[in-house]
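Participant: If you read the sequences in order, they're chains C and A. So that you can map any letter, position 303 of the first sequence is 303 in full-length UniProt numbering, and since no number is skipped, the others follow by simple counting. So that you can map any letter, position 16 of the second sequence is 16 in full-length UniProt numbering, and since no number is skipped, the others follow by simple counting.
Among these hints, one or two may not hold up.
The list makes no distinction among identical chains, and a pair is therefore deemed to hold if it is satisfied within one copy or across any two copies.
As the list claims (entries may be wrong) - Calculated lysine to aspartate or glutamate pairs in the DMTMM-like style (CA-CA distance at most 25 angstroms, straight line):
no. : residue 1 : residue 2
1   : Lys238    : Glu105
2   : Lys208    : Asp371
3   : Lys238    : Asp325
4   : Lys208    : Asp42
5   : Lys208    : Glu304
6   : Lys53     : Asp233
It is worth saying that the hints were derived from the structure and are not from the lab.
Protein chains: 2
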Amino acid sequence: MSVLQQAADARAASFDLAAATRAEKDAALLLMAERLVQRADDIVAANAVDVDKARTGGSTDAMIDRLTLTPQRVAAMADGLRQLAALPDPVGDVVRGSTLANGLELRQVRVPFGVVGIIYEGRPNVTADAAGICLKSGNAALLRGSSSAYSSNAAIVAVLRKAVADAGLPADTVQLLDATSRDSVKELMRARGLVDVLIPRGGAALIKTVVEESTVPVIETGVGNCHVYVDSDADLEKALAVVVNSKTQRLSTCNTAESLLVHAEIADSFLPLVLEELMAAGVTVHGDPRVAAYSDDVVPATAEDWGAEYLSADIAAAVVDSLDDALDHIRRYGTGHTEAIVSESVTATQRFAARVDAAAVMVNASTRFTDGGEFGFGAEIGISTQKLHARGPMGLPELTSTKYVVTGNGHTRP
Amino acid sequence: MSVLQQAADARAASFDLAAATRAEKDAALLLMAERLVQRADDIVAANAVDVDKARTGGSTDAMIDRLTLTPQRVAAMADGLRQLAALPDPVGDVVRGSTLANGLELRQVRVPFGVVGIIYEGRPNVTADAAGICLKSGNAALLRGSSSAYSSNAAIVAVLRKAVADAGLPADTVQLLDATSRDSVKELMRARGLVDVLIPRGGAALIKTVVEESTVPVIETGVGNCHVYVDSDADLEKALAVVVNSKTQRLSTCNTAESLLVHAEIADSFLPLVLEELMAAGVTVHGDPRVAAYSDDVVPATAEDWGAEYLSADIAAAVVDSLDDALDHIRRYGTGHTEAIVSESVTATQRFAARVDAAAVMVNASTRFTDGGEFGFGAEIGISTQKLHARGPMGLPELTSTKYVVTGNGHTRP
Numbered sequence: 001m002s003v004l005q006q007a008a009d010a011r012a013a014s015f016d017l018a019a020a021t022r023a024e025k026d027a028a029l030l031l032m033a034e035r036l037v038q039r040a041d042d043i044v045a046a047n048a049v050d051v052d053k054a055r056t057g058g059s060t061d062a063m064i065d066r067l068t069l070t071p072q073r074v075a076a077m078a079d080g081l082r083q084l085a086a087l088p089d090p091v092g093d094v095v096r097g098s099t100l101a102n103g104l105e106l107r108q109v110r111v112p113f114g115v116v117g118i119i120y121e122g123r124p125n126v127t128a129d130a131a132g133i134c135l136k137s138g139n140a141a142l143l144r145g146s147s148s149a150y151s152s153n154a155a156i157v158a159v160l161r162k163a164v165a166d167a168g169l170p171a172d173t174v175q176l177l178d179a180t181s182r183d184s185v186k187e188l189m190r191a192r193g194l195v196d197v198l199i200p201r202g203g204a205a206l207i208k209t210v211v212e213e214s215t216v217p218v219i220e221t222g223v224g225n226c227h228v229y230v231d232s233d234a235d236l237e238k239a240l241a242v243v244v245n246s247k248t249q250r251l252s253t254c255n256t257a258e259s260l261l262v263h264a265e266i267a268d269s270f271l272p273l274v275l276e277e278l279m280a281a282g283v284t285v286h287g288d289p290r291v292a293a294y295s296d297d298v299v300p301a302t303a304e305d306w307g308a309e310y311l312s313a314d315i316a317a318a319v320v321d322s323l324d325d326a327l328d329h330i331r332r333y334g335t336g337h338t339e340a341i342v343s344e345s346v347t348a349t350q351r352f353a354a355r356v357d358a359a360a361v362m363v364n365a366s367t368r369f370t371d372g373g374e375f376g377f378g379a380e381i382g383i384s385t386q387k388l389h390a391r392g393p394m395g396l397p398e399l400t401s402t403k404y405v406v407t408g409n410g411h412t413r414p
Numbered sequence: 001m002s003v004l005q006q007a008a009d010a011r012a013a014s015f016d017l018a019a020a021t022r023a024e025k026d027a028a029l030l031l032m033a034e035r036l037v038q039r040a041d042d043i044v045a046a047n048a049v050d051v052d053k054a055r056t057g058g059s060t061d062a063m064i065d066r067l068t069l070t071p072q073r074v075a076a077m078a079d080g081l082r083q084l085a086a087l088p089d090p091v092g093d094v095v096r097g098s099t100l101a102n103g104l105e106l107r108q109v110r111v112p113f114g115v116v117g118i119i120y121e122g123r124p125n126v127t128a129d130a131a132g133i134c135l136k137s138g139n140a141a142l143l144r145g146s147s148s149a150y151s152s153n154a155a156i157v158a159v160l161r162k163a164v165a166d167a168g169l170p171a172d173t174v175q176l177l178d179a180t181s182r183d184s185v186k187e188l189m190r191a192r193g194l195v196d197v198l199i200p201r202g203g204a205a206l207i208k209t210v211v212e213e214s215t216v217p218v219i220e221t222g223v224g225n226c227h228v229y230v231d232s233d234a235d236l237e238k239a240l241a242v243v244v245n246s247k248t249q250r251l252s253t254c255n256t257a258e259s260l261l262v263h264a265e266i267a268d269s270f271l272p273l274v275l276e277e278l279m280a281a282g283v284t285v286h287g288d289p290r291v292a293a294y295s296d297d298v299v300p301a302t303a304e305d306w307g308a309e310y311l312s313a314d315i316a317a318a319v320v321d322s323l324d325d326a327l328d329h330i331r332r333y334g335t336g337h338t339e340a341i342v343s344e345s346v347t348a349t350q351r352f353a354a355r356v357d358a359a360a361v362m363v364n365a366s367t368r369f370t371d372g373g374e375f376g377f378g379a380e381i382g383i384s385t386q387k388l389h390a391r392g393p394m395g396l397p398e399l400t401s402t403k404y405v406v407t408g409n410g411h412t413r414p
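Can you build the whole structure from these sequences, using the hints too?
Facilitator: Next up, the structure:
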């Protein structure tokens with residue numbers, strides 16, 4: 001079936017889905033969870049096809065681990081759907097409301113987008129997660145996973161579609177797109193009018209392609225060259241904890257720190273400490289000459305290091321002469337994801353928070369906190385690094401639009 | 001100067017502007033207003049160049065009237081800026097806030113987009129209006145007006161820039177782009193990373209071009225094929241008032257009704273009344289055969305009529321057999337702007353409001369109410385017909401993004 005036909009089917013499904021009650025949607029989510037567990041063996045068997053292919057194709061052990069499904073991992077997917085059922089429904093929320101001078105009742109109400117396209121790489125567990133988040137927010141989902149997980153995704157989606165239909169909602173609420181060619185991505189990007197929003201989740205190259213070529217509105221996610229700036233007024237102990245945690249708590253996430261900026265006044269006391277601790281944790285520090293002066297193990301930073309999203313045990317490090325120099329550096333090399341300051345000075349933290357142009361500013365806290373789960377959203381479809389519509393971790397409300405409903409009694413405009 | 005250079009200058013200005021207080025911005029708006037009045041003669045003189053050119057070029061009287069500035073019209077522009085100064089500042093509003101279980105203080109705060117590009121046609125008063133709305137919401141404005149108003153716009157922008165600078169804010173808060181070639185529009189659409197959002201205001205062709213070709217995120221405005229559906233349970237008097245007002249109160253606006261749908265059960269009693277009143281008001285009714293049965297003066301509707309945004313004294317009209325048929329018709333031909341129902345039935349109005357996919361749904365009220373002024377927003381930059389970011393009339397908050405500011409005390413993620 002063509003992507004356009006699938007998109008048209010999704011659109012048709014979206015009309016019923018938009019009018020579905022929370023109870024109907026939650027019942028579908030719970031049935032989806034139940035069926036995943038019941039059919040775990042079939043899903044694991046389908047997954048084995050993908051895993052064999054990956055092994056033959058020479059994938060790394062880490063890649064194969066990410067791809068592999070076990071009954072436990074399928075159960076975790078089901079748990080995720082159950083957690084979604086427990087979250088409040090954003091649809092129907094009255095965002096703004098008033099009675100106008102002429103008596104008209106104005107209500108701005110949250111409504112689903114309609115059809116959401118998600119392009120993602122890697123793990124098959126994203127499939128159930130994305131389908132569930134879209135369903136809960138009243139949206140039909142067009143899922144374009146990676147070809148490496150196609151057999152797994154097809155098995156998961158078959159189970160989910162049957163469960164959705166058995167729960168009384170349209171099966172086309174969840175559809176998987178062909179992942180065997182690039183054409184399905186291209187068609188999806190051109191399905192303006194049928195698809196309301198596209199969310200690419202994956203590497204920088206994928207996101208760049210979608211952002212540049214899509215006529216469907218896009219929510220850009222994820223690339224993070226996050227900085228930690230240690231101010232002259234920093235508490236050294238907090239600074240050490242925040243820097244090390246931001247870099248090493250997990251290496252491959254978009255909210256991991258990739259750059260360290262240290263105020264010159266505090267460099268003598270702080271850099272020896274932080275270099276030692278980072279290096280003890282196995283981190284390679286790519287430093288400018290002023291950083292390199294504190295350790296022979298610092299690798300000289302090249303121009304590329306300042307803009308790098310390493311996603312590995314590496315960090316770029318520079319000494320700056322002022323908070324404003326740190327802001328300039330961040331403006332030049334940052335990706336608008338998360339920027340942190342460590343300082344005891346209210347003046348410094350206020351200026352930094354006001355002037356950094358990013359989805360999240362951390363004051364005396366690790367960059368790793370930029371996360372829907374940490375923020376208490378209960379579900380997250382990605383972290384937006386754009387400014388339109390949603391910025392930062394996106395929960396269920398970020399997957400909705402609004403509609404004005406204006407009620408009168410024969411009102412006309414004079 | 002190239003558009004990219006102007007965009008870079010706007011970006012630089014936007015950093016200071018984002019940190020400007022409400023008092024600073026309001027002072028600038030008031031000085032802009034004062035200077036416009038002081039320099040009204042110069043502006044009117046510059047406008048005369050445009051008007052002469054338009055007259056020589058054979059523009060219609062209506063077009064020339066729209067283009068012409070008088071001291072009174074310049075004073076009205078100044079009043080608009082003063083009204084903006086009186087409105088609350090959306091920047092700094094805390095949209096969401098909580099203290100997390102670990103003690104982190106989470107705040108989602110409204111921040112300016114940064115740089116807003118506005119592409120518009122026609123009237124030079126939009127120039128001051130757009131510049132003021134952008135400034136009040138903390139954004140630097142790149143204004144690309146029409147070539148027909150270039151001399152007027154240049155004079156206005158020169159006055160505004162001087163006032164902004166004299167008020168202590170960066171002059172590059174307001175910049176006019178070259179309107180003599182199409183290239184400036186193209187460059188603006190490709191200035192991703194420097195320009196945060198583009199808002200096209202004008203005809204359908206302009207909007208389509210920008211939506212399809214821009215890599216900068218776009219807020220789509222304005223095309224309106226608005227329907228009024230008169231339900232079987234309608235109060236005839238209210239229906240008559242709403243239909244006639246929606247169509248005739250003003251002919252050339254995007255919230256003017258262009259299509260009328262009448263439930264078959266009420267056609268006998270309602271259509272003779274409404275046809276007579278519409279025709280008496282000079283409206284040509286393009287009807288399907290079931291409508292034409294009620295009057296010899298009904299022009300047979302063609303396939304194009306159902307999707308037409310006439311912006312003139314014309315209306316398409318059809319009889320439908322049910323509310324759901326009306327919904328199907330609106331889904332097929334509507335542009336997602338404003339759809340109205342007239343009915344006394346709660347069941348009918350609730351179903352219509354829930355299932356119509358549009359920026360605004362009017363229940364027993366004229367489509368003409370979809371307007372920032374009528375909604376009490378105080379200012380309006382346009383009416384969004386897309387679902388991402390803003391939908392419906394856009395006031396000052398719709399010209400902002402948000403930023404998470406998370407404050408800890410050395411918090412790290414376990």
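Participant: Which hint numbers doesn't this structure obey?
Facilitator: The structure conflicts with hints 4, 6, although it agrees with all the remaining ones.
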